[in-house]
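Got chain A sorted already, so can you dock chain B onto it with the hints?
The chain contents come next:
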Amino acid sequence: MSPEKQPTPKRFLLIFNSPPYGTSAARDLLDIALTCSVFEQNISLLFLGDGVLQLLSNQHSAPLRQKNLNALHSSLAMYDIEAVYAEDSALTYHGIEIDQLQINATELNTDAIKQLINEHDVVFTL
Amino acid sequence: MIFTLVIHASPVQHQAPETALRFARALLEAGHTLHRVFFYRDGVFNGNALSSSAADEPCLPSDWRSLADEHKLDLVVCIAAAIRRGVLDSNEARRYDKTHHNLAEGFELSGLGQLIEAAIISDRVITFGGRG
Chain A
1 MSPEKQPTPK RFLLIFNSPP YGTSAARDLL DIALTCSVFE QNISLLFLGD GVLQLLSNQH
61 SAPLRQKNLN ALHSSLAMYD IEAVYAEDSA LTYHGIEIDQ LQINATELNT DAIKQLINEH
121 DVVFTL
Chain B
1 MIFTLVIHAS PVQHQAPETA LRFARALLEA GHTLHRVFFY RDGVFNGNAL SSSAADEPCL
61 PSDWRSLADE HKLDLVVCIA AAIRRGVLDS NEARRYDKTH HNLAEGFELS GLGQLIEAAI
121 ISDRVITFGG RG
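Listed in order, the protein sequences are those of chains A and B.
Numbers 1 to 126, taken from our numbering, label the letters of the first sequence in order.
Numbers 1 to 132, taken from our numbering, label the letters of the second sequence in order.
For reference, chain A alone in the conformation it holds in the complex:
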C-alpha cells in the first residue's frame, strides 16, 4: 500500500516498557515507529520502567543471536524520529546516567509523562 499524505499528521506516542532482548517487544514496537515515519506522522518514543534498558549503549546482542538495538536506535534520526523520552525514576532505579544512553533522550518525571501522553492522539505500548 502506498502511504497517502495526510493534511494534518497525527501525534503518535510509542511507549517501550520491556527490557531489550527477553521478548520481541522492542523490535515489534520499533517496526510500528518506522512505519509511522513512512506515513509522515509525528512520532515520540517514551521509555518506561525496564524499557529504559533498551537505550543503553555498548550492547552485545550477538551471543543471544539477536540484532543489536543500538544500530536500530542510531538509524532513528534518518526516519525523523528524534523526540525520545526516558522515565527519570527508571534511570535512577537501574543506576543509568543519561550519558550512557545510545541516543539523546529527555528525562521526564511522572507529571511530565502524564502530560506527554495527554498531548498525543494515538498511543501504542509494548
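Keep in mind the hints are simulated off the structure, nothing from the lab.
Take these hints with a grain of salt, some might be off.
Stretch-level coverage of chain A by chain B, calculated; a stretch enters the list once three of its residues show a Cβ under 8 Å from a Cβ in chain B [stated by the list, open to error]:
1) 8-22
2) 32-38
Residues of chain A placed beyond 10 Å of chain B at every Cβ, according to the derived structure [unchecked claim]:
3) D28
4) L64
5) L101
6) I117
7) V122
Below 30 Å or equal to it, Euclidean Cα-Cα: the simulated DSBU-like pairs (lysine-lysine) are [claimed, not checked]:
8) K67/A <-> K98/B
9) K10/A <-> K114/A
10) K98/B <-> K10/A
Don't be surprised by glycine CBs; every beta carbon is placed ideally from N, CA and C.
Positioned in the frame of chain A, the structure of chain B alone reads:
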C-alpha cells in the same frame, strides 16, 4: 465514532482477543464504525484456520469470521508477524515453498501500514493484550 482495534495476543493463551471480540460487538451495537481489526505479534493466531477448539470452548477464528461476515469488517493480519508464526495464505505458502496454507477465511495478510492508516483515520485506537 470510528474505531480500530489492535490485538497482540493469542486467543488460546490470553483472554484479550475474546475481550476484543466483545468490545467489537458492543461498539457496533452502539452504532459506531469499526474501521479495521489489526492482528499483530501472537495476535496473528486469531487467523489460524487450523485452530481446533473443544466443542464447549470458543473458537476465535470462526467467531471473528462470523462478526466480519455480518458487519463487512476488515480483519488484517500483519504479514511479517504471521509468516514467522506459520500463518500463511496460499500466496505466501507458494512464496516460502510450503505445502500448506492456513489463513482463516475472512482474514487478509497485509503490512503494518494498514495499522498506521487505520490509526490516522480512526477517532479511537484500542489495544488488547499489549503487555509483554
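Status of the hints after comparison with the structure:
no., hint, result
1, 8-22, "holds (count 4)"
2, 32-38, "holds (count 4)"
3, D28, "6 Å, violated"
4, L64, "17 Å, holds"
5, L101, "24 Å, holds"
6, I117, "14 Å, holds"
7, V122, "5 Å, violated"
8, K67/A <-> K98/B, "26 Å, holds"
9, K10/A <-> K114/A, "18 Å, holds"
10, K98/B <-> K10/A, "40 Å, violated"
When each numbered hint is compared with the structure, violations occur for hints 3, 7 and 10.
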